[in-house]
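> Since the structure of chain A is provided, determine the placement of chain Z on it from the hints.
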Amino acid sequence: MLESIWFVLWGVLWAIYFMLDGFDLGLGALMPVLARGENDRRTIYRAMGPFWDGNEVWLITAGGVTFAAFPVAYAVMFSGLYSALMLVLFALIFRGIALEYRSHLASERWRKTWDTCLTVGSFAAALLLGVAFANIFKGIPIDGEGVFQGSLLTLLNFYGIFGGVLFVLMFTVHGSLWLTLKSDGELHARAARLAEKLWIALAVAAVGFLVATWYATRLYDNYLKEPMLFAVPIVLIPVITIAALAFIRVGIVKRRYWRAWFASSVFIVGVTLFGVAGLYPNLLPSSLDPAFSVNVHNASSSPLTLRIMLVVALVFVPVVLAYQTWAYRLFKSRLEDGESLHDEAY
Amino acid sequence: MDVLMLSRLQFAAATFFHFLFVPLTLGLSILIAIMETIYVRTGDEEYKNMARFWGKIFLINFAIGVVTGITLEFQFGTNWSRYSRYVGDIFGSLLAIEATVAFFLESTFIAVWALGWKRLSPKAHAATIWLVAIASNVSAFWILIANAWMQHPVGYTIRNGRAELTDFTAIVTQSFALHEIVHTLGAAYILTAFFMMGISAYHLLRKQHVAFFTRSFRMAVTFGLIFAVVEVVQGHMHGAEVARVQPAKLAAMEALWDTTAQAPQHLFLIPDEKNETNLAVFGTIPGALSMLAYHDPEATVKGLKDFPPEERPPVTLPFAAFRIMISLGFLFLFLTAYGWIRRNRLMESPRYLKLMLFAIPLPYLAIQAGWALAEVGRQPWVVYGVMKTADAVSKLSPSQVWASFLGFIVVYTLLGIAAFTLIVSTARKGPETHPATAQ
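Line by line, the protein sequences are chains A and Z.
Residue numbers for the first sequence follow our numbering, beginning at 1 and rising by one.
Residue numbers for the second sequence follow our numbering, beginning at 1 and rising by one.
These are calculated hints, taken from the structure and not from any lab test.
Just so we're clear, the structure is a prediction, and the values are computed from it rather than from any experiment.
In the DMTMM-like style, the derived pairs of lysine to aspartate or glutamate whose C-alpha atoms are separated by at most 25 angstroms in a straight line are:
#	chain 1	residue 1	chain 2	residue 2
1	Z	K429	A	E108
2	Z	K56	A	D115
3	Z	K395	A	D289
4	Z	K118	A	D184
5	Z	K395	A	D143
6	Z	K56	A	E108
7	Z	K118	A	D40
8	Z	K388	A	E145
9	Z	K56	Z	D44
Not everything, but these chain A residues come out facing chain Z in the computed CB check (under 7 angstroms):
#	residue
10	D53
11	V65
12	P71
13	Y74
14	F78
15	S79
16	L85
17	E100
Backbone N, C-alpha and C fix where the C-beta goes; we use that ideal spot for every residue, glycine too.
The shape of chain A in the complex, shown without the other chains (with noise of 0.2 angstroms):
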């Protein structure tokens, strides 16, 4: 019981990660696409600014999360996956720092090459999540011993690079769509534009991407294997997540953008718990054997961990939401056009 509690959690944890951190990699990835000038550049790392480094904290925990309550998970999964974890963690260094460090200097030189380890940085590791979880969905090539036997190629089949571009039209709609949040004027009008037609292909790939989970995993088993057990919670998520995502573009549509970014943020959501709620009871499928599947009972921490861990948890992670929340209402405000250029940190 408590492992599964624990379950739920992982998943959750991920899901606010990808949905957090998901409109600013997004929005960096997008970076050449929508900024005409220094003063749009500056917009759009200003739209980030405040809130990258906090988002970013929910992979720390979602990893530290993974380690505490699933050790197995979190060793089998992190030394399976060594060189596409290491580019997301090179990547993410990049980004990182381009957020905090581009502004310290006037030279153009040095805000040009940030510019491009933001944008590089954001796309790659888009791209790597959505890879990795698509491989983590259809089950990796782990041995008995926990040991993974492939290498990078193996992550990049076609569901693995179907899953990473499924992430980066995620990520860049709800990036686009936080910047008609954040810009007035031009800026604004082209990022709706941008979220608009993006949001077309994103239908398109989340349509082809669940047809493409029927052949290549076993997510939907769950779904019809104990359709009672299941019914009420389970089959709400897909429900959920289809209509989120019709939501967007009436949100688009409509120029409600607020609404849109919801919507999305939910689409962001679900799309992981579905994905997570196939795998129950597993965290990392084998792909060579179901017997040498890294699960809940064969991969939990002790009870008496994962009782404390539960009221860690059930303490702070309120108390994260509370303060996040209020930081992002504290710089909700559109930036105005001009004060780019007046503002002490950008």
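Chain Z alone, transformed into the frame defined by chain A:
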């Protein structure tokens, strides 16, 4: 090189690099919080400008600390997966608690502090930097609890083929952890003080922003002196603690081969590890090691030869690192004490100021030496007495780890250059000269 050695080098490079930037943030956050509090209480704009100037340098360091910290957490999974499996029940939970309890707070409020000057009242703004200061130090607390558990594991039992938690309180309150926390935080505060004194000295020598940097220097020298005293006194107790829980490390850091009563300390020698003896010994202080370890000059100290060869740590590196650390520790005490006496006549002490400018790297060296001693001296164990480092490493192909190791070297070198450039240019530029923009 094999996967084990490559993984060790990679982890060493990643931790050393991470800890070039973190100590300054631990101390600077507190000093900035004090500056801003004085500003709120007195309304003196100079203190606000101080908080902003030192705050810029804080942010440059903090950014590197964040991104390099993520790689450290994930390396336990990537390179040390067998370690993660074996001790994740305990070690993993400590890291997860750190992220949930402290790191969120720190990362959220640092952004509010940096960008919220106009959006918050002065009082609320000062409160955010206090939250950052508290959170960074609490964060260090949890990480050091985790490291102390590797140095001296308690509160666990071996069950189901791994170490399982039995007593959480024992892990959090064990004396070795408390020593490690005081010692590491003390060192970080000394480093911060020397950094602030060095940069201030640079400007005072050029007679620019004199009032601003005199205040900064005085604040730093007092802070530094307090912790230099704490460090020397506590360091002595720390040595006794190492003797109690890690006798092999003690023997290695003193290059003591034979079990000896009235064991001496030597100021200098060259350990000859192959022949299990020392060359070129001089500056012998009889009974000093017995005194350090057991507070009794007659006490017997166990030598390396009485440990099985496969449980002995390397000798040369811990021995050298220990000497570098303690000699610098005493130098810091002397330099801060002298500076504190002359704190009202700084402008008349150009030679001392120059010395302090060039002293900036010394606490960095001392801290890295201290960690080298702590970690290399623990070998061959990754968890002392419980798990060997060689049993902790992941089953990876050497080419993978070569690629990532070279990646780390390249990426971290670039980061280091960027950060160094920025710190130097920001420090040189000094505070904003026209206070109107700082409103």
